[in-house]
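Trainee: Turn these sequences into a full structure, and let the hints guide you.
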Amino acid sequence: MKKTEDFYEKVYAVVRQIPEGKVTSYGAIAKVIGAPKSARTVGYAMNNCLKNNADLPAHRVVNRNGVLTGKHHFGHVDQMQKLLEAEGHLVKDDEIQGFKKVFWDPYALY
DNA sequence: CGGATGACGGGTC
DNA sequence: AGACCCGCCATCC
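When we follow my numbering, the leftmost residue of the first sequence carries the number 1, and every step to the right adds one.
Treat the hints as calculated values from the structure; they're not laboratory data. Note that this is a predicted model, so its numbers are computed, not measured. Careful: at least some of the hints might be erroneous.
List time: in silico DSSO-like cross-link candidates among lysine-lysine, alpha-carbon distance up to 30 Å [claimed, not checked]:
{"#": "1", "residue 1": "K3", "residue 2": "K31"}
{"#": "2", "residue 1": "K82", "residue 2": "K100"}
{"#": "3", "residue 1": "K3", "residue 2": "K82"}
{"#": "4", "residue 1": "K100", "residue 2": "K31"}
{"#": "5", "residue 1": "K101", "residue 2": "K31"}
Mentor: Put into structure tokens, the structure is as follows:
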């Protein structure tokens, strides 16, 4: 499935570009890689990256509300939040405070 | 092959 | 603001 691999590759490529201290959303990534309606699949790709042992700053990727929807996939439910706080973010109730301010639009690459 | 699932998003009420 | 529903797409059963 070259198509699928290409999809994952693009997702990983974008995630790797996320600057430290910034975050983005699954939907934004999906849009940039040419699959604006596949945000859900982006999340699936991220889940797949776990077993791929890909070294991605996945904690910088949240949903459109700035909520840490995927924190349960970081081993410990507080791991994602800790990583974000370590980068200067303020996470309250699984939600990144000032999400819009720290949001990084991957479209900036183009 | 049909239905269910999920780290989502947008729209509606 | 919050709950709800529907569409998307890869994968699993």
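Trainee: Could you work out which earlier hints the structure fails to respect and list their numbers in ascending sequence?
Mentor: Result: hint 3 breaks, nothing else.
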